[in-house]
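S.K.: Work the whole structure out from these sequences, hints included.
Protein chains: 2
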Amino acid sequence: MRITILSGGVGGARFTLGVLAALPDAEVTVIANVGDDLEHWGLHVSPDVDTVLYTLAGRVGAAGWGVRDDSRHALATVRELGGADWFILGDHDLGLHVVRTQRLAASEPLSAIVADVAARMGVGARILPATDARLRTVMMTDEGELAFQDWLVRRRAEPVVRSIRFDGAGAPAAPGVLEAIATADRVLLAPSNPFISLDPILAVAGVREALESRRATVVAVSPIIAGRAVKGPLGELLDWLGHERSTVGVARYLAPLVGTFVLDAADRARAADVRALGLRPVVTDTLMADAAARTALAHVALTT
Amino acid sequence: MRITILSGGVGGARFTLGVLAALPDAEVTVIANVGDDLEHWGLHVSPDVDTVLYTLAGRVGAAGWGVRDDSRHALATVRELGGADWFILGDHDLGLHVVRTQRLAASEPLSAIVADVAARMGVGARILPATDARLRTVMMTDEGELAFQDWLVRRRAEPVVRSIRFDGAGAPAAPGVLEAIATADRVLLAPSNPFISLDPILAVAGVREALESRRATVVAVSPIIAGRAVKGPLGELLDWLGHERSTVGVARYLAPLVGTFVLDAADRARAADVRALGLRPVVTDTLMADAAARTALAHVALTT
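So the protein sequences, as listed, match chains A and B.
So in the working numbering, spot 143 of the first sequence is number 1551, and the numbers just go up one at a time.
So in the working numbering, spot 105 of the second sequence is number 1513, and the numbers just go up one at a time.
Bear in mind the hints are in silico, worked out from the structure with no lab data behind them.
Be a bit skeptical, because a hint or two may be false.
What follows is a set of in silico ranges between Cβ atoms, one per label pair, in the way DEER data are often shown [what the hints assert, rightly or not]:
no. : chain 1 : residue 1 : chain 2 : residue 2 : range
1   : A       : 1433      : B       : 1550      : 28 to 36 Å
2   : B       : 1639      : A       : 1530      : 56 to 64 Å
3   : B       : 1580      : A       : 1512      : 28 to 36 Å
4   : A       : 1492      : B       : 1530      : 19 to 27 Å
5   : B       : 1550      : A       : 1512      : 30 to 38 Å
Covered stretches of chain A (in silico footprint by chain B; criterion: 3 or more residues with CB under 8 Å from a CB of chain B, positions within the stretch not fixed) [stated by the list, open to error]:
no. : stretch
6   : 1448-1454
7   : 1500-1508
For clarity, every value in this text was computed on a predicted model and none was experimentally measured.
Ideal Cβ positions, reconstructed from N, Cα and C, are used throughout, including at glycine.
M.R.: Next up, the structure:
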């Protein structure tokens, strides 16, 4: 069975672990967001790709990103010397950024680098960055344009967002991305933020159309429970961008692409509203509190 | 009292500690070799400058370079991922290279960066890279040209050296370098390798002439004891480059620049040969086995 997952960072990575546990023999492809990539300390950092990578390699940090129990000695020196210390890079993690930056500078495509790193780290699933080209999420805020990580990390997601644009929208999909959508038995939209995790993937040439043409096989899992985001600034973004701050707001936004929408039991009363959008609602527990919960959630998304 | 020291890495750094201990009120300037700088992992690394920096900051590693008790977690990842692992960069150390590279990319001169870093690390002496321009030591070997660290570290100083050249020879001296030589009460050539530590400094425009014109005040300390280098491949280089493998071979090489030559008690019998070169020989213990020994050596070099 071929499963393709569109994923942002922490939530999508954990959901993918659930899919791998629920369906150990499946051929799983994760199409990962690169819109939040950044150049930091002169290095190319791919936060979402790396979160997926480290999670699937069994070495992710307790916070859901970075390497577990990593030291931060380079950061300590950078801080002591007055350098940029607002974005945390651990020491083990830094080695990956060094290698990726060197190989990108030698004109190797990001997707080839990620495939090699994943293989060396023993990751079984295929991880595809959505594109090998430069594609960056830019937040248009009340305080002007902010690069994504500037907004999220340096400014703690505080500046009010009026719209979001993607520098490099229309970039060609990385090799395998469109095929992975076209040939999957099921396409899963992980419980990731639709505006800053899924939209940058959809901004890649052909991805939106590929999903629309397979809408019946596309299952999305809601990242909102009882009006609250499981993680990150999704509630505020729904408000700021003029959407209903609820699972229905997300369902409405994704409706053109999705056949089935998995929502939390806490939102059971909204199932009819989801159905009214032309989506088949499936109600289950969506909070991935532990391995059993994420496997159960994946099982529902895979079998519903 | 103004003291200016020309220095390579470990030996020069330790000798400078001795000078600072022997003459606590002196105004000390260290002119450091940048010929062994390299770009590694996309970062600008200045091994000799950093050895001086870390040594004077009291945080140098036991081997004489790097940061004491530094971790090597980034290196472990680079190695795991098949990246270049032949040059050891510790994690704390890496932070300095990141900051330097970023600031160089922003067009700040190396000398200004080093001055700021030294101040932040609480270094009292002034550390001047010999030049802010690119100047690189290139080893012409039986196996072709090798960048200095390629020869020394990656190839373990094994390829036979036929000659040495300096890419960027004639580069302008960094601000303060020529003045530090011209105005010093005493100029000290640290017990550093003349070919790969001192010569790249002498390749900077005006440095050789500045020393020649102050020859009477220039004191060199021999890096050779009883025909053996205290550290590094100096013995082999003397052989390969056609010099006598002894303290006299070094004295002869440095004679145009030096008024006084400090040689080890083990070479006492060669003092007359040194004198015959037109240098004033001073015999003392030159092995810097501990703090007392390096202070005693510095005291001799400062008062002779």
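S.K.: Between residue 1550 of chain B and residue 1512 of chain A, is the Cβ distance one that fits in 30 to 38 Å?
M.R.: Because 35 Å falls inside the window, the suggested range holds.
S.K.: Please test the hint of 19 to 27 Å on the beta carbon pair from residue 1492 of chain A and residue 1530 of chain B.
M.R.: Given a distance of about 22 Å, which is inside 19 to 27 Å, the answer is holds.
S.K.: Given a hint of 56 to 64 Å, does the C-beta separation of residue 1639 of chain B and residue 1530 of chain A actually sit inside it?
M.R.: violated, 42 Å
S.K.: I want to verify a distance hint. Is the separation of the beta carbons of residue 1433 of chain A and residue 1550 of chain B within 28 to 36 Å?
M.R.: Check failed, 57 Å falls outside 28 to 36 Å.
S.K.: At the C-beta level, are residue 1580 of chain B and residue 1512 of chain A separated by a distance inside 28 to 36 Å?
M.R.: At 34 Å between Cβs, range holds.
S.K.: Please verify the coverage claim for the stretch 1448-1454 of chain A: does it have three or more residues whose C-beta sits within 8 Å of some C-beta in chain B?
M.R.: Answer holds; 3 residues pass the 8 Å Cβ test.
S.K.: Does the stretch 1500-1508 of chain A contain three or more residues whose Cβ lies closer than 8 Å to a Cβ of chain B?
M.R.: Coverage by chain B holds here, the residue count being 7 at a Cβ distance below 8 Å.
Checked against the numbered hints above, the structure violates hints 1 and 2; every other hint is satisfied.
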